[in-house]
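Q: Protein chains in written order, with this note's numbering: chain A, 1 to 433; chain B, 1001 to 1046.
Do not take every clue at face value.
Said to hold, decoys possible - Below, a list of computed lysine-lysine pairs in the DSS-like style, where the Cα atoms sit at most 27 Å apart: (1) K1039(B) / K315(A); (2) K1039(B) / K22(A); (3) K241(A) / K22(A).
No wet-lab data here; the hints were simulated from the structure.
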Amino acid sequence: MPPAALSVHLAIGQAYAWSVFKPPLESSLGLSGTQSALPFQLGIVMLGLSAAFGGTLVERNGPRWAMFVSMACFSSGFLLSALGVATGQYWLVVLGYGFVGGIGLGIGYISPVSTLIKWFPDRPGMATGIAIMGFGGGALIASPWSAQMLDSFGTGTGGIATTFVVHGVVYAVFMTMGVLLVRVPADGWAPKGWRPGEAATRRLVTTADVSARNAVRTPQFYLLWLVLCLNVTAGIGILEKAAPMIVDFFSGTATPVAAGAAAGFVALLSLANMAGRFGWSSTSDLIGRKNMYRVYLGVGALLYLAIALAGDNSKPLFIICALGILSFYGGGFATVPAYLKDLFGTYEVGAIHGRLLTAWSIAGVLGPLIINAIADGQEAAGRSGPALYTTSLYIMIGLLVVGFVANELIRPVHDKYHEQPRQEHVTGKGQAV
Amino acid sequence: MTGTTDSADTANRRTGLMVLAWAWVGVPFAYGVYQLLLKLAQLFSG
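Produce the entire structure from the sequences given, and follow the hints as far as they go.
A: See the structure below:
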């Protein structure tokens, strides 16, 4: 099951490498930077919407159907975009990659979550961590691969169209492996020696089930929505502005950071983001989800404080703190499906996860907006160096503290939201009866 | 006897499929990480 999930997430993670196509699209079709960003922005909006509204369909029709729909939409999005570039109709690129491909992103993102949790009820954090790490890894593959293809085929309309066609075909083949391999465990399946009752010894872990419809009526859903939104806002702010931020921070010191070194810093942050998705999410299986988010939000706030207080005095401290923040950002994404499983059970966890991902859409706008707007304002006021970012850093600390409080307020879901218990019997030998 | 051979064959096929499936996703992922490490080197040289 993990390779099946990875084949989908590694493919749709390509979305974060869209920037590779921006300069050639701008020069060949005469577009502005804002216009060339449209397919990506619409894609992310569609990711949130299709995950939120398609979650119940995914639960009803199963992961194979969802992975097939994701593959069909994501690949045909590229093919439509190729047609758009070849004929000079840019609206087709926006419709293809943004709208159709974006549906593939959302359905693909949530497609393996609930199945992974059902296969690994003893280690749900590790299982979803592997898949969601794949989404981070997708851009690592696509970015150099797409750039090499544009070098080979050319950056004119013909070259871009050919590159899009190759992407569509290769991703269709790559994702088909996931469609063919994915399997849902039999009802009542459990790993050898694992008993659901023992796992529920932690206060927040339930063995009951809550439907997606009921989940959105609980305060726990909105508290967790806030936790995810604020954790992502804090991380994405640094991620989006990492390269100029480290250059600006140390511009007034004896050892300024060169552009090449800043690119290396961005790469290091990507690695921390990916490692956090797997490492912290797996750790949450041992220490519990609530404690893990205490670390993300509480220690995250302290790391931001350390950056704000140290200013440009220590480059290693800046890098270490940024790495910690980005690892918590990735960990927050990867741990949330397991947190939902703890609170609402496995019944419709994929659909609930889909609805929660609207927090990502909001945070994706909020984080960069705060950092960019304040940095621009400070620059206009004649400030430079760490002063460009100090206010943003304190705002991020405030947001993380609010998130920490929201996490503290999360309590077990009231019995009135639980579904009627299902009739099943588990042998404890990895077999369903 | 035949049953033992059949179950051994099934186990071998399953292991082969597992290796293929992990290689399918592992090789592109390793390529991505390798490219990332090349960029990372610039942090220490630049």
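Q: With reference to the structure, classify each hint as holding or not holding.
A: Results of checking the hints against the structure:
1. K1039(B) / K315(A): holds (19 Å)
2. K1039(B) / K22(A): Holds - the C-alpha atoms of K22(A) and K1039(B) are around 20 Å apart, at most 27 Å.
3. K241(A) / K22(A): holds (18 Å)
Checked against the numbered hints given earlier, the structure satisfies every one of them.
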